[in-house]
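Asks: The chain contents come next:
Protein chains: 2
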Amino acid sequence: MKTMVMLSNHHVHLTKEACDILFGEEGITFHHYLAEENGPWASNEFVDVGGPKGTISHLRVLGPLRGYTQCELLRTDCFKLGVDPPVRNSGKLEGAAELTLYGPKGELTVPCGILAWRHIHIDRETLAEIGKSFGDFVQVRTEGDRALVFEKVALVPGGKGLLMHVDTEEGNAAGCANGDMLEVII
Amino acid sequence: MKTMVMLSNHHVHLTKEACDILFGEEGITFHHYLAEENGPWASNEFVDVGGPKGTISHLRVLGPLRGYTQCELLRTDCFKLGVDPPVRNSGKLEGAAELTLYGPKGELTVPCGILAWRHIHIDRETLAEIGKSFGDFVQVRTEGDRALVFEKVALVPGGKGLLMHVDTEEGNAAGCANGDMLEVII
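Going line by line, the protein sequences match chains A and B.
Taking the numbering used here, the leading residue of the first sequence gets 5, the next gets one more, and so forth.
Taking the numbering used here, the leading residue of the second sequence gets 5, the next gets one more, and so forth.
Please keep in mind that the hints were generated in silico from the structure rather than gathered at the bench.
Any given hint could turn out to be false.
Any copy, or any two copies together, can satisfy a pair, since identical chains are not distinguished.
As the list claims (entries may be wrong) - Derived lysine-lysine pairs resembling DSS-like cross-links, with alpha carbons at most 27 Å apart:
hint: 1; residue 1: K136; residue 2: K164
hint: 2; residue 1: K156; residue 2: K6
hint: 3; residue 1: K84; residue 2: K136
hint: 4; residue 1: K57; residue 2: K6
hint: 5; residue 1: K57; residue 2: K84
hint: 6; residue 1: K136; residue 2: K57
hint: 7; residue 1: K57; residue 2: K156
Since the structure is predicted, the reported quantities are computational estimates derived from the model, not experimental observations.
Based on the provided sequences and hints, a complete structural model is requested.
Replies: Take a look at the structure:
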């Protein structure tokens, strides 16, 4: 079985309340869809993010707004910020690193910093076909000079077929690019 | 069998001639040893690096000087620079990306940009013990939330025992840190 892969740079999800504080009445505005139409989208808005040791600038806010505020960091960001966040599935913010988000209209300090757990969005039919449940792990192999096998790739809901998300460091380590088709080991 | 791992950030090696052009008579000066005493060292000197699309600043020059000029990039640098360098063992500069190095005393444009091929420095005795030759590959497994198996890890000369080098993106993708002991799969 194959999955398409997409690489995610560091980015931010906001609640309505957080968005109001950071961006005021105008809120966030649509820039482009990340993958399929009517799915998640990149906004035109960015925040700076501060931690105990330093600040990183210009993290894009993704839409639509969510039920939680979450900052998905790269591990290299964490050294600059001075935080050691857990690796988590989206929305699982237990133990998330406390960060300050700086927007044009205000700032906000909340425990929201995580590293994203590598995962595949999979539909229920395909999940049943392979005899797995949401939350189970599979492995994914990449080819080429930087061939590797990602272990503990979580199966999560969302979308049609299979779509894997890794962060840019994971994708670069594996030598893969957006849209590559990777082998899933069940 | 276990190997210690060290993460390398992007960095530059210079020939005597390149060093003269970039830094003049003073050359590069010792800052600290990277690992064991009398091994490779970090200098106090940095260069900026330019490609067709952009420039990245502040890459550290490593000592001692070598028989070749080589810029070991992170893959994320390559998008900023606008280059697509090959993954190569150190000193194998066939097809290396042409880059301009900017020093305080001058600049230099040479084909020197590579991504480092992940490798383990291993001594001849241990190499013989495991029935391998220099240039052969092994696999290396990491544990934890970001567990993965690096394939095609090259065995190269240098040092005593085993010491694995990956770049910071590879190390971050695998959730490992300097000094971690990783499982070698022969």
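Asks: It remains to establish, for every hint, whether it holds in the given structure.
Replies: Results for each hint:
1. Only within a single protomer do K136 and K164 lie at most 27 Å apart by alpha-carbon distance; the minimum there is 16 Å, versus 45 Å between protomers.
2. In the homo-oligomer, the alpha carbons of K156 and K6 lie at most 27 Å apart both inside one protomer (16 Å) and across protomers (21 Å), since each shortest distance falls under that limit.
3. Taking CA atoms no more than 27 Å apart as the test, K84 paired with K136 passes in neither setting, with 38 Å inside one copy and 40 Å between copies.
4. In this homomeric assembly, K57 and K6 never come within 27 Å of each other (Cα to Cα): the closest approach is 41 Å inside a single copy and 33 Å across copies.
5. In this homomeric assembly, K57 and K84 come within 27 Å of each other (Cα to Cα) both inside a single copy, at 6 Å, and across copies, at 25 Å.
6. Neither within a single protomer nor between protomers do K136 and K57 lie at most 27 Å apart by alpha-carbon distance, with minima of 42 Å and 45 Å respectively.
7. When the C-alpha separation of K57 and K156 is checked against a cutoff of 27 Å, the pair qualifies neither within a copy, at 31 Å, nor between copies, at 36 Å.
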